[in-house]
Amino acid sequence: MNKLYIFLKYFFIVVWTVFVVAPFLWALTTSFKDFQSVNGGVTYIPWVDFEPNLEGWKVLIKSPAKGGVDIIEPYFNSLFVTCTASLISIILGTLSAYALSRYTFKAGFVKNNDITFFFISQRIMPPIVLSIPFFLFLSSINLLDSLTGLIVVYIVLLMPIAVWIMVDFFNKVPREIDETALIDGCNPYQAFLKVVLPNSIPGLIVAGMFCIIFGWIDFFFAFILTFTEVQLLPVKIVALNSSVTPWWSLSASALVSVAPLIIVAFIVERYLSKGNLSGAIK
Amino acid sequence: MDLVANNLSYKPDDQYHLNEVSFNFKEGNLYTILGRTLSGKTTLLKTIAGLLTPDSGEIEFDGKNFLKIPVWERNVAMVYQQFINYPHLNVFENIAFPLKQRKIDQSIINEKVMDALKSVGLLGYENRKIQELSGGQQQRVSLARSLVKNAKILLLDEPLVNLDYKLREQLRDEFKNLFSKGLADETILIYSTTDPRETMELNGEVIVLDEGKVLQVGPAKEIFENPNSLKVAEISNDPPMNIIEAKISDNQIRFEGIDVEAPQHLSKLTEEGLKIGLRSSDIELNENGHEFEVELAEISGSETLLHLKRGDTKIIVSIEEVLNFKIHDKVKINFKIDRAYAFHADGKLASSPFGGLNG
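Sequence order for the protein chains is U and R.
Those letters in the first sequence? Residues 1 to 282, by our numbering.
Those letters in the second sequence? Residues 283 to 641, by our numbering.
Hints are not guaranteed to be accurate.
With a Cα cut of at most 30 Å, we get these calculated DSS-like pairs of lysine-lysine [stated by the list, open to error]:
1) R:K293 - U:K111
2) U:K194 - R:K385
3) R:K550 - R:K503
4) U:K194 - R:K350
5) R:K557 - R:K529
6) R:K400 - U:K194
7) R:K596 - R:K612
8) U:K172 - R:K382
9) U:K106 - R:K328
10) R:K434 - U:K194
11) R:K350 - U:K106
12) U:K194 - R:K394
Everything labelled a hint here was simulated from the structure, so no lab data went into it.
All chains should be modelled from the sequences, with the hints used to inform the complete structure.
Shown next as structure tokens:
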């Protein structure tokens, strides 16, 4: 029985690992292939099955004049926009969420829950509906085709996520903890910074992770709201496609664009395994 | 430095949480607020702490208007019934938190925290995480955190209610020791509880609170011996005092076909609607007694609580031993009638065996 259990456990772990790792391996090998190797049947092992070359990767850093697609600038644009927008969203979202969780707001029939729902409702609308007002809004303040404009739009898109996660999280932190901090001599700001926030790190990490992921993978708004001055990575990658599908450079760009998310995942996983996420609030 | 309140009222919804509460707490004393759940005990403590602002009324401390001072400048300490500590800090940091907030020298902080740890019996635990402690230990940490501040007002909101029976007993004894020797003479200690036994053991000045209203104020002994109304008698006894509707005539107390000779302090009460109050411990099993039917028998610890019925009269008897009864068994009981109380129809005390309002 015990042996069967161990066997099944490892069996499923292996199956799952293959399931997760295989696409990455496929992309990795493909990124080193040329036209012949891609279309010449099933080939996996470099130097044996096919002769690897760096063409797929070189295209990504060559300037368009030399027949490449320079993704370095869009890459840093994407990093900058995602990180800035996520950071601002988390700060604003956390503050709003704390207020929504701790204080009672009332304007006619609008109460705390309605305000929270208002934030989430921004995410319910299909992006295409939002694109027109966003476009008109950005063009009226002259921020079309600029990093600042993109950051503004992304804050609108990401902050609801932060508010939603953090309201729920703060509701689970007992009010008595804030009250005890006040009794122990903190003013409300100190109580928030010294006591509530340190106990909300797990929520902040989850919210931050979602913001970074949603910001990083967005194609639609980046595509609609930028033209030539500024480009983000997802839009640039699409530009790779031409009459002949360049599987090698597409694979390389896929690997490059997924890298930051993998790094984020590893950091979160480290934090998780330290046990810092569990048991913060009993 | 006295804490004086005048007509505090707080009514956030349809019900009064505080209803014209007034008191005058003097330094160096222990005050027990006794009341059932939702009687306004926590509201009162939070109002004193400054976490709630009453709708009307005043609180003065040391001659200053307390309501104008924000919580964080009031120098009060509070222990909650839930074990509230800072989960992100270890035991030492938790207790040092209020001192750090005052920017006190680190060496003095160390000394004070160690003293506090010693007085609650947690020496050696200073580097533990809060989550690694048991409920009783967590409550000790929050007690230590309130002691370390040397607050002029120490509020304890049912601090023992979430602990198991044995820990409660143990911690109650420790509290009593701490209160009697450890606290500075100028501290006002306010302790809220639902448990009459706890109230009697702490033996301080008792404020009986019900539906936000103060029903009676007095030393624990006085509340126990001369509850001024039926409600106080119910709240200050566990199990609640038995209330029997009876008539007194010809020196006999009559109810449900039973005649008992009236003791001297009750014999002159002949009015209609009189209610006789008798503690569950003042009724005993007796072969020659009056027959009642068992409705329920609970065994709690080493005593048995018998819920009895005869006609429309229901009473609870506590017996100091473990006995097995079946439902619908017949038992015979005797009343220690010289310990009986009498209340008027409106609930006010008419006569007590301890001489309150005699006759």
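Restraint check for K194 of chain U with K394 of chain R, where alpha carbons must lie at most 30 Å apart: 22 Å, holds
K596 of chain R paired with K612 of chain R [C-alpha distance capped at 30 Å]: 14 Å, holds
30 Å limit on alpha-carbon distance, applied to hinted pair K106 of chain U and K328 of chain R: 24 Å, holds
Given hint K503 of chain R paired with K550 of chain R - CA-CA distance at most 30 Å: Roughly 26 Å separates the two Cα atoms, so the pair holds.
K194 of chain U paired with K385 of chain R [C-alpha distance capped at 30 Å]: 14 Å, holds
Agreement of K434 of chain R and K194 of chain U with the hint, judged by alpha carbon distance not exceeding 30 Å: Holds: K434 of chain R and K194 of chain U sit about 24 Å apart, inside 30 Å.
Pair hint outcome, K194 of chain U versus K350 of chain R [Cα-Cα no greater than 30 Å]: It holds: about 25 Å lies between the C-alpha atoms, which stays within 30 Å.
Pair hint outcome, K400 of chain R versus K194 of chain U [Cα-Cα no greater than 30 Å]: 26 Å, holds
Proposed proximity, K382 of chain R with K172 of chain U (alpha carbon, max 30 Å): Measuring from Cα to Cα gives roughly 27 Å; hence the hint holds.
Agreement of K350 of chain R and K106 of chain U with the hint, judged by alpha carbon distance not exceeding 30 Å: 26 Å, holds
30 Å Cα cutoff - pair K557 of chain R, K529 of chain R: Holds - the C-alpha atoms of K529 of chain R and K557 of chain R are around 8 Å apart, at most 30 Å.
Holds or violated: K293 of chain R to K111 of chain U, with C-alpha atoms at most 30 Å apart: Holds. K293 of chain R to K111 of chain U sits at ~20 Å (cutoff 30 Å).
Going through the hint list in order, the structure satisfies each hint without exception.
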